[in-house]
Amino acid sequence: AQSVTQLGSHVSVSEGALVLLRCNYSSSVPPYLFWYVQYPNQGLQLLLKYTTGATLVKGINGFEAEFKKSETSFHLTKPSAHMSDAAEYFCAVSASGTYKYIFGTGTRLKVLA
Amino acid sequence: DAGVTQSPTHLIKTRGQQVTLRCSPKSGHDTVSWYQQALGQGPQFIFQYYEEEERQRGNFPDRFSGHQFPNYSSELNVNALLLGDSALYLCASSSTGLAGVYSYEQYFGPGTRLTVT
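These protein sequence lines are chains A and B, in that order.
Position 79 of the first sequence, counting from 1, maps to 79 under the numbering used here, and the rest follow consecutively.
Position 26 of the second sequence, counting from 1, maps to 26 under the numbering used here, and the rest follow consecutively.
It is possible that part of the hints are untrue.
[To be verified] 25 Å max Cα-Cα, derived PhoX-like pairs, lysine-lysine:
| id | chain 1 | residue 1 | chain 2 | residue 2 |
| --- | --- | --- | --- | --- |
| 1 | A | LYS58 | A | LYS69 |
| 2 | B | LYS26 | A | LYS58 |
| 3 | A | LYS69 | A | LYS49 |
| 4 | A | LYS58 | A | LYS68 |
| 5 | A | LYS110 | A | LYS49 |
| 6 | A | LYS49 | B | LYS13 |
[What the hints assert, rightly or not] Covered stretches of chain B, going by a simulated chain A footprint (3 or more residues, C-beta under 8 Å):
| id | region |
| --- | --- |
| 7 | 18-26 |
| 8 | 52-59 |
| 9 | 102-111 |
[Unchecked claim] Some residues of chain B that are not near chain A, with every Cβ distance over 10 Å (derived):
| id | residue |
| --- | --- |
| 10 | VAL4 |
| 11 | THR14 |
| 12 | THR31 |
| 13 | SER33 |
| 14 | ARG63 |
| 15 | SER65 |
| 16 | PHE69 |
Since the hints were derived computationally from the structure, they do not count as laboratory data.
This structure is a prediction, so every number in the text was calculated from the model and none was measured.
Positions of the beta carbon are idealized from the N, C-alpha and C atoms, including for glycine.
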């Protein structure tokens, strides 16, 4: 069985500040991990993914995430927030042997001018 | 290159009615998954279709059914609508391929907003 926990349903940062969105997962088999972004009234856009290999994953729009097996975490970071980063962010887990994604409840990022 | 498309964009139905939502996958993709996203929640997996068959199903009642066509497009049908079925319904496409090797990267469409009154 798999599950995802996103700590902090709302996160506010100042423009230019570090963005850190937290995601912890539970999986009985090696996980595949994903971060998606959702803008208002839109679908989900893939930011980055981890399946195998390098544990530091770089995605679009300057985001990156690090898979830490010992901490069962896959936190999303961006060195400098832009106003355009304001959106809802979802962490998801899947694994070999299952085709579905299990999503977290999301973190709404607000960027302050 | 067209991405995942869904129709209609919005839909309003009455309790007890039936609804059909449609999805066309991204070019080159042969696998379609459906998710329900209630307001303020993360998407919940409904089912996935590959080779015109339901390959995996989430914890949704039989009122939710689907179909995949030879061109890989898909429909989601919901019967006997309840107020609680009001949500954004997302379609996601991915690739399995002839060798049966599934790509775990899913591309999502813009969704269909269903309101049940």
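Does the claim that B:SER65 lies outside the interface with chain A hold up, using a Cβ gap greater than 10 Å?
-> 17 Å, holds
Taking the minimum C-beta separation from B:ARG63 to chain A, is that value above 10 Å?
-> Its Cβ never comes within 10 Å of chain A, the nearest being 19 Å, so this holds.
Chain A covers the region 52-59 of chain B, three or more CB atoms within 8 Å, holds or violated = holds (count 3)
In terms of Cβ atoms, is chain A entirely out of 10 Å range of B:PHE69?
-> 19 Å, holds
Sort out whether A:LYS68 lies within 25 Å of A:LYS58, counting only the CA atoms.
-> Answer holds: A:LYS58 to A:LYS68 is near 15 Å, not above 25 Å.
Checking the smallest CB distance to chain A, is B:THR31 really beyond 10 Å?
-> 8 Å, violated
Mind checking the alpha carbons of A:LYS49 and B:LYS13 for me, to see if they're no more than 25 Å apart?
-> 37 Å, violated
Is the straight-line distance between the alpha-carbon of B:LYS26 and that of A:LYS58 25 Å or less?
-> Holds, because 23 Å separates the two Cα atoms, which is no more than 25 Å.
Assess, step by step, whether the Cα of A:LYS69 is no farther than 25 Å from the Cα of A:LYS49, and give holds or violated.
-> Cα-Cα ~15 Å, so holds.
When you check the alpha-carbon spacing of A:LYS110 and A:LYS49, does it fall within 25 Å?
-> Within the cut-off at roughly 23 Å; holds.
Least C-beta distance from B:SER33 to chain A larger than 10 Å = Non-interface label fails for B:SER33: nearest chain A Cβ at 7 Å, not farther than 10 Å.
Per-stretch coverage check for the region 102-111 of chain B, three Cβ contacts closer than 8 Å to chain A | Our answer is that it holds, as 9 residues pass the Cβ test (under 8 Å) against chain A, meeting three.
Checked against the numbered hints listed earlier, the structure breaks hints 6, 7, 10, 12, 13; every other hint is satisfied.
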